[in-house]
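Q: With chain A fixed as given, assemble chain B onto it according to the hints.
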Amino acid sequence: MNTLRTLTEADFQPAPSQDNLEQISRPSLSYWQDAWIRLKKNTRALISLYLIVGLAFFTLIGPWIWTKDPAAQDLDQISQAPALPKTALLVKDFEPSATPIDTTHPPAPSGYPDALDAVTGLTVLGTPTTQSVRLSWSPVDQAGGYSVYRSESAPEGLMGLGLPLASLTAGNIVGFEDRLNLKSQTYYYSIIPTDGFDEFDVVSTLEVSPQQSITVSQALERQLIDSDDRPGQTVQLAFHPLGTDYLGRDMLARLMQGARVSLFIGVVAPLIYVLFGVFYGGFAGYLGGTTDQVLMRFADFVVALPFLLFMILFKIAFGIGPGESGILPMLIALILLLWPATARLVRGQVLRIREQGYIEAARLLGGGPSYLIARHIIPNTMGVILVTLTFAVPSAIFTEAFLSFIGMGVAPPTPSWGSMCNEGVKTMLSHPHELFFPALFISITVLAFNLLGDGLTEALDSKMRSKE
Amino acid sequence: MFRYTLGRLLSGVITVWFIATATFLAMHAVPGDPLMNEKATTAEIRENLARKYGLDRPLPEQYVIYLSNMIQGDFGISFTQQNRRVNDIIKDHFPVSAALGILAITFAALGGILWGAITALYRNQLPDIIIMFLVILGISVPSFVFAALGQLLLVNLNQWFGTSILPVAGWGTFSHMLMPSLVLGLGTMALLTRLMRSSMLEVVNEDFIKTAKAKGLSPQRIFFKHQLRNAILPVVTVLGPQIAAITTGGFVVELVFAIPGLGRYFVQAVQQLDYTVIMGTTVFYGAFLVLMVILVDIIYGFIDPRVRLK
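Chains A and B supply the protein sequences, listed in that same order. FYI, the numbering for the first sequence is 1 to 468, going by our numbering. FYI, the numbering for the second sequence is 1001 to 1310, going by our numbering.
Next up, chain A with everything else stripped away, as it sits in the complex (with noise of 0.2 Å):
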């Protein structure tokens, strides 16, 4: 403030009028709405809470829009990464193709050959599809037979030929088809001549790269086409945005469908058991003396359970019956854990503003306990119960989350985040979109929950007021 102005003549003219003196030039603002014009000049929490949003419009809107079956299997698609919509070749069902035999060639080798050359020749016939590769290649002098190997990443030599696929025990059988749970992607097929028994050292590769294709009567029963759709075109496969698990299902699908599971209980619990905590923890505050002893003493009892043990034992012990998803138990044992940490911060808070200068007056004044439980101690303690409630949330959500990963959480097949993480662990190697969406959503709103938990602490502190 110690920059110059310039002063003018107006500065110099005396107040208009004396009867506003006392008047405040500013509305006066209401501590709520203080505290919400801090939050806003807090970026990150501000981001927080339009992620919140974001993920209730998810979660709620979301399965409206993206209205495939989060259980629904898509068998032509297992496993798959995101990836822009995909198409497949539509090829005939299979019928079986005469084995390839060179018949100017002998069967087998006249004696024991001691080298043999490398197979020449080695080609793809027709178009290699998932559906099947036909492989073909020129017969070796002195050849009693060919090992076929299939490999997803480039053989080195001989080293990292991949999955043996077949031994052909005669010279003259010059080709193979591969049908063996074939995906679109890069193959390298390696061809070994043999004696008839054992290998030899020499190796010929070729690099195969099969089409994405539906036979006939697969589109046929998934409704992929009408019946007149002849072989050789190509038809749009189901589109997955964030790709599909390992059973072939939906991930976006699953991943609302899960929202819907892991923010009920991470919203639903702590809203139920931090009322109860208010209640419980106001009344022994307020009343005081020996039953504001026995309710507090029952409390650090409920504390000092071992929690993760009990959230189990709960689970179980609530848990009735099969064919039950699991989220009611969960919710209960969350309750029945967890609201004394509320209680015993309620409880002090109502403590201390009990003997605060404010309500001796009002009581002075003539206020009822009613009045002063309902204008004075409840408005005064909201914010610290706002902010334990946005702190609760992402300890549920990770307690669900923990619980499903064990095992003891959502039963399947309905899906939390947890439990998707759980399965994608297992894939986490050969598929690791599985596992890094739902430990992304969970990582973001934890993230965003809390982040907004440490606006609401800073906007709420009534000690920020004074500063400003």
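If you're looking for bench data, these hints aren't it; they were derived computationally from the structure. Because the structure is a prediction, the values reported are computed rather than measured. One or more of the hints may lead you astray.
[To be verified] Output of the computed footprint for chain A on chain B, the stretches with three or more beta carbons under 8 Å from beta carbons of chain A:
(1) 1015–1026
(2) 1133–1143
(3) 1260–1270
(4) 1280–1292
All residues carry an ideal CB built from backbone N, CA and C; glycine is no exception.
A: Below, chain B alone, put in the same frame as chain A:
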């Protein structure tokens, strides 16, 4: 001091009794009993087994028998693991969990104090921003994700170097303990870093720091002798509850890293309704936690001369 400790211990005993009772009630509220598996094929066998384990008696009697055995330090025999005493199960597997937990809390406390002090020293500068970002990550990411990522990291490291630098899973040597306990301590470390940072920043404005500066003490001396020592106090107070949190997190880490700790046995026992193992582990864990909290409170009294225990 002595009277305070005695009083705390007494209330601790009552707490453990409460834990035992609550466990007993919750356990028996679960439908079914431990004899429901295929071993008890006929009603006769079932009856005999029930008599052997005392399950044929009324619940209050079972409760009294159970409590009196427990006071003598006997948790009974496991239902599912033939002829194995619960005491032995605890004796074999608790040290594993405890070792993991102690190392984890050491990592968490040392890391938390160190990072917290650094962030306070470099307030709003690059180290502070980087560390606080990591702290937010540490608080927001569930422990099982860290465990999975930690294991993945080990796999890749071992592949990269071509030898086994740290074992990926299992138990036995110190090197087995490093990654699991680090992963286990991460959440607590993040929490302690935050706490330490705010505590350090608060201490900076205290009068005794001004006095120390005015006396002409070196910045290092002020930092270590005056600032750090005073800022550590709030960290010590939360250590008690955090020990409980770490044993909780231990379950998952034990599961992911295939560590034969007590957590796995508990989950198993609950699924099979192994009454004695459930009771034994819960009461034991509960007693351990209660003891830890009391211990931390007493230690706090020693560290902070302002807190004289009444």
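Q: Check each numbered hint against the structure and report the violated ones by number, ascending.
A: The structure breaks none of the hints.
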